[in-house]
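Kindly generate the complete structure, drawing on both the sequences and the hints.
When we follow the UniProt record's numbering, the leftmost residue of the sequence shown carries the number 1, and every step to the right adds one.
Among the clues, some could well be false.
[Unchecked claim] Label pairs and their in silico Cβ distance ranges: (1) ARG241 / SER72: 51 to 57 Å; (2) ALA216 / ARG102: 39 to 45 Å; (3) SER126 / GLY97: 43 to 49 Å; (4) ALA69 / ARG243: 52 to 58 Å.
[As the list claims (entries may be wrong)] Simulated pairs of lysine-lysine, DSBU-like, Cα-Cα distance not exceeding 30 Å: (5) LYS65 / LYS169; (6) LYS48 / LYS60; (7) LYS65 / LYS48; (8) LYS48 / LYS169; (9) LYS60 / LYS169.
No wet-lab data here; the hints were simulated from the structure. All C-beta atoms, glycine included, are put in the ideal place defined by N, C-alpha and C.
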Amino acid sequence: MEPGRLIEITDPADVRIAEFTAIRERDLTGRQGQFIAEGTVVLSMLAKAHGSGGAVRAEKLLLLKNRVAGLSDLIGQFPDDLPVYVAEAAVLDAIAGFHLHRGVLALGSRAAPPDLAQLIAALPESALVLVGCGISNHDNIGALFRNAAGFTADAVLLDETCCDPLYRKALRVSVGAVLAVPYARQGGAEEVLRTLAEAGFEIWALSPSGTVEIGAIAPGRRVALVMGTEGEGLPAAILDRFRSARIAQAPGLDSLNVGTASGIALYAIARAMGRLG
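Now the structure itself:
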């Protein structure tokens with residue numbers, strides 16, 4: 001990496017890195033299609049997404065100065081004209097508004113996700129999708145995407161009440177999978193499921209009271225697994241309309257965490273569909 005490529009920041013108020021200031025407050029207000037990638041794993045996923053020429057683009061990097069040498073190969077995966085800003089620890093912490101022990105940030109942008117119907121229409125003949133309904137916890141959203149990537153799901157479909165997967169924490173928990181797995185976030189839960197049903201998907205709603213154990217399902221070519229929010233779970237209207245599945249667990253436990261449950265369910269169905277080696 002050419003030393004001249006690095007741009008040192010000494011003033012936390014420098015307008016060139018304004019998008020990185022007060023990160024937590026900006027997380028709450030939203031970034032209108034832009035996002036903050038944090039950590040080397042997510043940065044690596046951003047580099048791959050940027051290089052693919054798709055909807056995700058890197059805008060600029062902001063790095064702890066003493067980490068640059070160890071990141072030279074990763075920085076080299078981005079175009080030469082991408083700004084790479086560096087700062088000492090005290091300046092970087094003042095910019096972010098908290099101690100940034102990872103010392104690795106990037107600003108990225110994503111084009112608006114495709115329309116729900118368009119995304120479903122583009123799915124392969126044999127497809128597995130994960131659906132989230134009313135999931136407002138960013139850790140759980142990140143876990144859904146990580147599991148979707150790990151167990152070969154073709155897309156994640158979120159209803160409009162789910163939180164934004166481009167939120168910094170969701171993106172970090174997903175280890176960057178949000179940047180790789182196709183997704184849509186729009187419409188009500190019943191609208192999402194109706195569109196899937198019209199496209200020939202078998203819909204299985206996950207609930208501790210489900211009528212079929214997840215390992216007993218013999219899935220067809222197109223399957224949608226539906227996860228509800230923790231505590232309340234899926235609405236009765238969805239559980240009444242679609243087939244429901246449960247994950248066997250020890251008695252006396254209310255339910256599994258959404259991230260854990262989605263991983264178990266995706267593994268079981270992906271394996272039954274012959275998607276895993």
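Right, here's what the structure says about each hint:
1. ARG241 / SER72: 51 to 57 Å: About 55 Å separates the Cβ atoms of ARG241 and SER72, which means 51 to 57 Å holds.
2. ALA216 / ARG102: 39 to 45 Å: 43 Å, holds
3. SER126 / GLY97: 43 to 49 Å: Cβ of SER126 to Cβ of GLY97: about 47 Å, so the range 43 to 49 Å holds.
4. ALA69 / ARG243: 52 to 58 Å: 55 Å, holds
5. LYS65 / LYS169: 23 Å, holds
6. LYS48 / LYS60: 15 Å, holds
7. LYS65 / LYS48: It holds: about 23 Å lies between the C-alpha atoms, which stays within 30 Å.
8. LYS48 / LYS169: Judged against 30 Å, a Cα distance of about 20 Å means the pair holds.
9. LYS60 / LYS169: 19 Å, holds
Taken one by one, the earlier hints all hold for this structure without exception.
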